[in-house]
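Here is how the chains run, residue by residue.
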Amino acid sequence: MSASIENPHFLLRRLHSLLGLLPVGAFLIFHLWENSQSRFGAEHYNEHVVAALKGMNYLPLMEIFVIALPLLFHAGYGLVITAQMRAELARYSYARNRLYWMQRISGIGILLFLLQHVGMTRIAGTWDPSVGDDLFGHMQAMLSQPWMLGLYLVGLLLSVFHLANGLASMAIVWGVTTSVRAQTLFGWVCVLIGVLLAAMGIHGLMGFLS
Amino acid sequence: MTEQSIHLRIRRQDRPDSTPYWQEFVISGRADHNIVSLLMALRENPVTISGQRVDPVVWEHNCMEEVCGACAMLINGVPRPSCSALVAELDQPIRLEPLPKFPVVRDLLVDRTRIDQGLKQVKAWIKIDGVWDTHEGAPRIGPSEWAANYLYSRCMSCGCCMAACPQFGAHSAFLGPAPLAQARLMNAHPTGRYDKTERLHAIMAEGGLSDCGNAQNCVRVCPKEIPLTTAIGELGRQTTVQLLKDIFGPR
Chain A
1 MSASIENPHF
11 LLRRLHSLLG
21 LLPVGAFLIF
31 HLWENSQSRF
41 GAEHYNEHVV
51 AALKGMNYLP
61 LMEIFVIALP
71 LLFHAGYGLV
81 ITAQMRAELA
91 RYSYARNRLY
101 WMQRISGIGI
111 LLFLLQHVGM
121 TRIAGTWDPS
131 VGDDLFGHMQ
141 AMLSQPWMLG
151 LYLVGLLLSV
161 FHLANGLASM
171 AIVWGVTTSV
181 RAQTLFGWVC
191 VLIGVLLAAM
201 GIHGLMGFLS
Chain B
1 MTEQSIHLRI
11 RRQDRPDSTP
21 YWQEFVISGR
31 ADHNIVSLLM
41 ALRENPVTIS
51 GQRVDPVVWE
61 HNCMEEVCGA
71 CAMLINGVPR
81 PSCSALVAEL
91 DQPIRLEPLP
101 KFPVVRDLLV
111 DRTRIDQGLK
121 QVKAWIKIDG
131 VWDTHEGAPR
141 IGPSEWAANY
151 LYSRCMSCGC
161 CMAACPQFGA
171 HSAFLGPAPL
181 AQARLMNAHP
191 TGRYDKTERL
201 HAIMAEGGLS
211 DCGNAQNCVR
221 VCPKEIPLTT
231 AIGELGRQTT
241 VQLLKDIFGP
251 R
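Order-wise, the sequence lines are chains A and B.
Per full-length UniProt numbering, the first sequence starts with residue 1, numbered consecutively.
Per full-length UniProt numbering, the second sequence starts with residue 1, numbered consecutively.
What the hints contain is simulated information worked out from the structure, not anything from laboratory work.
From the three backbone atoms N, C-alpha and C, an ideal C-beta is built for every residue, glycine too.
Incorrect hints may appear among the rest.
[What the hints assert, rightly or not] Pairwise CB distance ranges, derived in the manner of DEER restraints:
hint, chain 1, residue 1, chain 2, residue 2, range
1, A, L196, B, D14, 50 to 60 Å
2, A, Y58, B, I141, 49 to 59 Å
3, A, R86, B, M64, 30 to 40 Å
4, B, M40, A, R86, 31 to 41 Å
5, B, W146, A, W33, 48 to 58 Å
6, A, E6, B, W146, 30 to 40 Å
7, A, R86, B, V105, 16 to 26 Å
8, B, K127, A, F30, 45 to 55 Å
9, B, M64, A, V180, 27 to 37 Å
10, A, F30, B, V67, 31 to 41 Å
11, B, A173, A, R181, 30 to 40 Å
12, B, Y150, A, F30, 42 to 52 Å
13, B, A31, A, Y94, 26 to 36 Å
[Unchecked claim] Per the computed footprint, the stretches of chain B lying under chain A, defined by three or more beta-carbons under 8 Å from a beta-carbon of chain A, are:
hint, region
14, 163-177
15, 227-240
The following block holds chain A by itself, in its conformation from the complex (with noise of 0.2 Å):
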């Protein structure tokens, strides 16, 4: 047997890392997506989004083995390595020591934003069966409320920012990105991605007000 396996330390750490990409960042790049049609108006939304989903096949083994358990192990695992910050942001006002701290602060907001996040849709949707019938009404009406619609946003960028420079940081980790320069130009390929995935969450969530 060979020492690295034997100790589940790196392992752990680089199934966090992993996971963080596939499933999770993978699942917050397919939500916003499928969100982000709700600008073609309720009926479509509905119809070909909702209802599409929800009739596929072992859905609820693909949300609990696809998005809940990696999510959890993801959020746990997290919480477990931010104790181990130590940020000192004024002394240290490099970029990538704000991005370290934001990183892990980003975590645990995002955390919190999931908690009511599922709860007011997934969750309410297991009791009352007309949250997923009329979800387009049920989420026009909680972001026509001017705080909802701030939490979202904030909820929305956290993750973007959160999953973008995880990105960039996860390429050094597995050894990817390893000169300077490299790790540079890598940062801002994750910002552009940032960027766009942020464009097209915001444009999902105005869907829902047009």
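Start from chain A and add chain B according to the hints.
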């Protein structure tokens, strides 16, 4: 050279377990002082700004040419070697504090055992006795590889990178950037590479490579401009390959 008055604020601590306190000094000195020579001048007449004669300030210094690493401390809030910190280039009052993250022994003297522990943990040495013919010289390496390796050989274990690291400290087992960079250097050595797997396994355990948070403060404060974050990226790649070998074989 004309003398000028230099204003100093020093964080002092009498014993490892006692409470630190600040003392201020104004001394008359030449403009070309560095912090080590300034502390030497202060040692001759340790009188505070209020006229009180106190114990001389304790600190470490050795080479005076930024190669030994002994004199690193926090100067105006930045971890750096004090021999290469020139008084003429510093804002006054100059604030001197012990290098953070390391236990204080007295005044500006800290216990840097953890750097040595880290170097031991990653086996940052070359075994010259072995089953192969040690009389034969090590295989030659190309100039570009030599040039890349040389950057890491400049490490003087001053601890500045570790002091600036938000993941390193009494609260965590993280080795810190300096020992990791030495693992990168030894893994590239023609003889040292025979123990590469051992070193990689050492940094794939608690306190190892994966405790790095990529805040990259280390590379900003390193007085020898060692590409620490590149070493961490390269070790990321080496451990990724090692992980695949560990899971799927062969070793």
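Against the structure, the hints come out as follows:
no., hint, in the structure
1, A:L196 x B:D14: 50 to 60 Å, "58 Å, holds"
2, A:Y58 x B:I141: 49 to 59 Å, "56 Å, holds"
3, A:R86 x B:M64: 30 to 40 Å, "32 Å, holds"
4, B:M40 x A:R86: 31 to 41 Å, "33 Å, holds"
5, B:W146 x A:W33: 48 to 58 Å, "50 Å, holds"
6, A:E6 x B:W146: 30 to 40 Å, "36 Å, holds"
7, A:R86 x B:V105: 16 to 26 Å, "22 Å, holds"
8, B:K127 x A:F30: 45 to 55 Å, "52 Å, holds"
9, B:M64 x A:V180: 27 to 37 Å, "31 Å, holds"
10, A:F30 x B:V67: 31 to 41 Å, "55 Å, violated"
11, B:A173 x A:R181: 30 to 40 Å, "32 Å, holds"
12, B:Y150 x A:F30: 42 to 52 Å, "48 Å, holds"
13, B:A31 x A:Y94: 26 to 36 Å, "31 Å, holds"
14, 163-177, "holds (count 7)"
15, 227-240, "holds (count 12)"
The structure does not agree with numbered hint 10 stated previously, though it agrees with all others.
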